[in-house]
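Following the hints, position chain X against chain W.
One-letter residues, chain by chain:
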Amino acid sequence: MSKSYFDETHTAIGHPKSTFMQWMLTVDHKRIGLMYAAVMFTFFFVAVATAFLMRLELFAPGAQFIDGDTFNQAFTLHGVIMIFLFIVPGVPAVLGNIVMPLMIGAKDVSFPRLNWFTFWLYILGCIVALASLFTDAGFADTGWTFYAPYSLTTSTNVIFTLVAAFILGMASILTGLNFLVTIHRLRAPGMTFFKMPLFVWGIYATAWIQLLATPVVGITLILAILEKYFGIGIFDPAKGGDPVLFEHLFWIYSHPAVYLMILPAFGIMSEIIPTFSRREIFGYRTIALSSASIAGIGYLVWGHHLYTSGMADTAKVIFSFLTFFVAIPTGIKFYDWVATMYKGKIILSTPMLWALGTIITFTIGGLTGVTIAMIGVDIHLQDTYYTVAHFHYAMLGGVVFLFFAGLHYWFPLVSGKMYNETHAKIAFYLQFVGFNLLWFPMFIAGYYGMPRRYFDYLPEFQIYHQVSFFGAVIFITGLIYMFVVFFKGWRNGKPSGTNPWNATTLEWHMPSSPPPLENHSKVPYVDFNPYEYHHGEPVVKFDYETMKRID
Amino acid sequence: MDVNNTLQGFNTMAATFAKDVDQAFWINFWISVILGLSVIIPMFYFAWKYREKNVKDEDIENVTHNTALEIAWTLIPTAMLMVLFYYGYTSMQVLRTMPAESESIVVHVEGKKWSWKHTYEANKNGFVHKSKELYVPKDTNIILKMTAPLNDVIHAYFVPAFRMKEDVVPGRVTKQWFHSEKLGTYDVECAEYCGTRHSDMYTKINVIPKAEYEAWFEGNSKVGPGEKEVEKSKGQELYDDNGCAGCHSIDTDATLVGPSLKGIGAKHDATYLKDAIVTPDKDVPEGFTAGVMPPFALPDADVDALVDYMTTGK
Numbered sequence: 001m002s003k004s005y006f007d008e009t010h011t012a013i014g015h016p017k018s019t020f021m022q023w024m025l026t027v028d029h030k031r032i033g034l035m036y037a038a039v040m041f042t043f044f045f046v047a048v049a050t051a052f053l054m055r056l057e058l059f060a061p062g063a064q065f066i067d068g069d070t071f072n073q074a075f076t077l078h079g080v081i082m083i084f085l086f087i088v089p090g091v092p093a094v095l096g097n098i099v100m101p102l103m104i105g106a107k108d109v110s111f112p113r114l115n116w117f118t119f120w121l122y123i124l125g126c127i128v129a130l131a132s133l134f135t136d137a138g139f140a141d142t143g144w145t146f147y148a149p150y151s152l153t154t155s156t157n158v159i160f161t162l163v164a165a166f167i168l169g170m171a172s173i174l175t176g177l178n179f180l181v182t183i184h185r186l187r188a189p190g191m192t193f194f195k196m197p198l199f200v201w202g203i204y205a206t207a208w209i210q211l212l213a214t215p216v217v218g219i220t221l222i223l224a225i226l227e228k229y230f231g232i233g234i235f236d237p238a239k240g241g242d243p244v245l246f247e248h249l250f251w252i253y254s255h256p257a258v259y260l261m262i263l264p265a266f267g268i269m270s271e272i273i274p275t276f277s278r279r280e281i282f283g284y285r286t287i288a289l290s291s292a293s294i295a296g297i298g299y300l301v302w303g304h305h306l307y308t309s310g311m312a313d314t315a316k317v318i319f320s321f322l323t324f325f326v327a328i329p330t331g332i333k334f335y336d337w338v339a340t341m342y343k344g345k346i347i348l349s350t351p352m353l354w355a356l357g358t359i360i361t362f363t364i365g366g367l368t369g370v371t372i373a374m375i376g377v378d379i380h381l382q383d384t385y386y387t388v389a390h391f392h393y394a395m396l397g398g399v400v401f402l403f404f405a406g407l408h409y410w411f412p413l414v415s416g417k418m419y420n421e422t423h424a425k426i427a428f429y430l431q432f433v434g435f436n437l438l439w440f441p442m443f444i445a446g447y448y449g450m451p452r453r454y455f456d457y458l459p460e461f462q463i464y465h466q467v468s469f470f471g472a473v474i475f476i477t478g479l480i481y482m483f484v485v486f487f488k489g490w491r492n493g494k495p496s497g498t499n500p501w502n503a504t505t506l507e508w509h510m511p512s513s514p515p516p517l518e519n520h521s522k523v524p525y526v527d528f529n530p531y532e533y534h535h536g537e538p539v540v541k542f543d544y545e546t547m548k549r550i551d
Numbered sequence: 001m002d003v004n005n006t007l008q009g010f011n012t013m014a015a016t017f018a019k020d021v022d023q024a025f026w027i028n029f030w031i032s033v034i035l036g037l038s039v040i041i042p043m044f045y046f047a048w049k050y051r052e053k054n055v056k057d058e059d060i061e062n063v064t065h066n067t068a069l070e071i072a073w074t075l076i077p078t079a080m081l082m083v084l085f086y087y088g089y090t091s092m093q094v095l096r097t098m099p100a101e102s103e104s105i106v107v108h109v110e111g112k113k114w115s116w117k118h119t120y121e122a123n124k125n126g127f128v129h130k131s132k133e134l135y136v137p138k139d140t141n142i143i144l145k146m147t148a149p150l151n152d153v154i155h156a157y158f159v160p161a162f163r164m165k166e167d168v169v170p171g172r173v174t175k176q177w178f179h180s181e182k183l184g185t186y187d188v189e190c191a192e193y194c195g196t197r198h199s200d201m202y203t204k205i206n207v208i209p210k211a212e213y214e215a216w217f218e219g220n221s222k223v224g225p226g227e228k229e230v231e232k233s234k235g236q237e238l239y240d241d242n243g244c245a246g247c248h249s250i251d252t253d254a255t256l257v258g259p260s261l262k263g264i265g266a267k268h269d270a271t272y273l274k275d276a277i278v279t280p281d282k283d284v285p286e287g288f289t290a291g292v293m294p295p296f297a298l299p300d301a302d303v304d305a306l307v308d309y310m311t312t313g314k
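Sequence order for the protein chains is W and X.
Under the working numbering, the first sequence is numbered contiguously, ending at residue 551.
Under the working numbering, the second sequence is numbered contiguously, ending at residue 314.
If we strip away everything but chain W, and leave its shape as in the complex, we get:
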């Protein structure tokens, strides 16, 4: 048996003997990706538990078992973990790290030590973010948006969370930088930009957003710290500042951040659909360029979060108009994916089920986003459950569902084993049904005027909260089920071989399974398109020792 990346590794410092230290100091992109996954999904479950606590509290109007302040801290904790610790690093940190270098035929990212440093910076950020749970003042109760002047005047410990967001932002910038350089410099010879797999395109567009948008949030947080501790009036009207300025600066980062989350997830979709349709993707260039254009237009639409903030009406009209132009490339991608299924051979394996399920949930998430891009309608729906349902359909039903799709898709690549497909499909159906039951009623409640971040509510809304609760129970059951399936697959799964899905891209052309430390035996020459199939079989075949084409 040849050695895999589980057996040997390069480290940042020295040559430690212990397996534990080898993991802690590893610079191997695959190991780092796995460590991100372990940490991120631990936090993910903490945030899911917090969300479930809130749904339990909201089962009936009035206080059940926690008080209003605890509830406010709970939704802040949920938001901070889900956004800053989970979904922002998200797909790039885990799947980008593991798969992107393999896809372009590189031995690692351009700066492996920086990658190692970034991981530990991320861990530091996580610790600082959650440290305030254990301080006297308690975790922040501001919501993950930290709106001034509330965040400047609350007695809870906001500063830790702000500093953490700054550190995590730094980690995000460094990941983006590393990936940008890797994609520019380390592509296999012959692989032009338009021969890159679409997941790499998604990571590439994302990396630019990480690099260019994240500094804005850093600046904002520094301004907030200057204000709180040095009394400089920037956002606090009591000191002569303007709270709406904070909203602008916050969303200048946080809106592009939404695309930073979804673009790599769209990349996963673009890998899965052709593989399980056994044919070439429809409209490769359109999909690649639409990622780039979403990343570009995404900078110019932040104002649609501020329709009721007191911003000038003219500005609202401009931001609304621009917002509609993000919907167009997104829509085109969906048509391209569906067209890829035309005259293919549709294999409904678990990754494909997740991808097709996401086409439904993200379509709902995307189109309800169009509703609240309409100014007059948004004035009614802003800050209601309609908005909450919209972004959960887009983020959970879009980004996270595709993340799960990707986990199922690349699980055999990473572990060398296969999970039980029947059980994995049951887990999908549970989550799909639970998800819709959990969030769809919120569209209706929001339309009738149920505001978000409410600890208590009018009795009229009880039915929607209760349906949501049962949806949450089903969803979480499916979620746990899915991770049990992964766990059992990792322990006892059958060896998968190097290319269990009959896929075409380079990460499936490894000399052994799981992959060896430095990936491909030789750097391949790429004179082919990423998804070349002929009669349902991959066209390009390699001799895995020499990486020469043998087809």
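Don't read these hints as lab results, they were simulated from the structure.
The beta carbon of each residue, even a glycine, is placed where N, CA and C say it ideally should be.
Do not take every clue at face value.
To be verified - Quick list of the computed label-pair ranges, beta carbon to beta carbon:
hint	chain 1	residue 1	chain 2	residue 2	range
1	X	L69	W	L124	21 to 29 Å
2	W	A292	X	S102	49 to 57 Å
3	W	A292	X	F29	55 to 63 Å
4	W	V433	X	E101	20 to 28 Å
5	X	E61	W	I444	23 to 31 Å
6	X	D241	W	T42	44 to 52 Å
7	X	F44	W	I444	23 to 31 Å
8	X	T271	W	G231	46 to 54 Å
9	W	A38	X	Q93	24 to 32 Å
10	X	L150	W	Q462	51 to 59 Å
11	X	L150	W	F230	16 to 24 Å
12	W	A60	X	A297	58 to 66 Å
As the list claims (entries may be wrong) - Which stretches of chain W does chain X cover? Using the computed rule of at least three CB atoms under 8 Å from a CB of chain X, they are:
hint	region
13	270–280
14	328–338
15	367–378
16	412–420
17	473–486
To be verified - Going by beta-carbon spacing under 7 Å, a handful of chain W positions derived as facing chain X:
hint	residue
18	P149
19	Y229
20	A238
21	G310
22	F321
23	G344
24	H535
Just chain X now, with coordinates in the frame of chain W:
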């Protein structure tokens, strides 16, 4: 807290612009359904038609382009989205085009943690009405000029039945307006997160007949139309005006945000209580956090009256 609000009037289109907003919403809904189904129906159809068992490998075709189709699925949705942009714009126009103040009643709204206060312009007698709930005549333009105290946070004045909402920002005056053609009582909710009792920050808009409004407005009643005036001490008036009840119960032992003031006279002397109003962080009772209650800079006589009310109930 008396949450007896009921979402009354959501379907009656009480405000003149509610139907414009709803029309925009439903146009959006049906266009979304068409766009959504244009993706989801082909997806199900292809997944069924080209299912694994049904397709021989040699029948798979690599269709990668179809210019006509691609132009169609770019231009048609773009056109539909432009329709939606237009209706979003027009529904905003009706919400945001303020009527002339000379043809409207202007009411000043103050939102603070965690209560609403409506202050009217002076009437013929020079009397200024202040009320928690808003009373307005039917068939009249009402302009709300809204703000929050400088040391407070952002709130939002949201009237679901009217489909209107605008943030209430410290240090700024924001405006919205409405014109109701239906009598009734309509809920107002705070929609911008503002802390501990955000979800208790309700009030109501009462749309009443014009004559009834005129009679009330030109009178000097300190309560709303149709309500019986109860003699209030100066202290009690100050207690209500400053929104003390938002955080401190005085008739019960319930702890809202700050401690209950029931029987406070037996626990503390007047000096302590005065300090607790003017400089609340000087001596914070156990179990409560400094910085939650803002200092109230009131004239000495007012502070005395408040303390009298807290200790004697008068």
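Hint by hint, which ones does this structure get wrong, listed from lowest number up? 1, 3, 4, 5, 8, 9, 10, 12, 16, 17, 19
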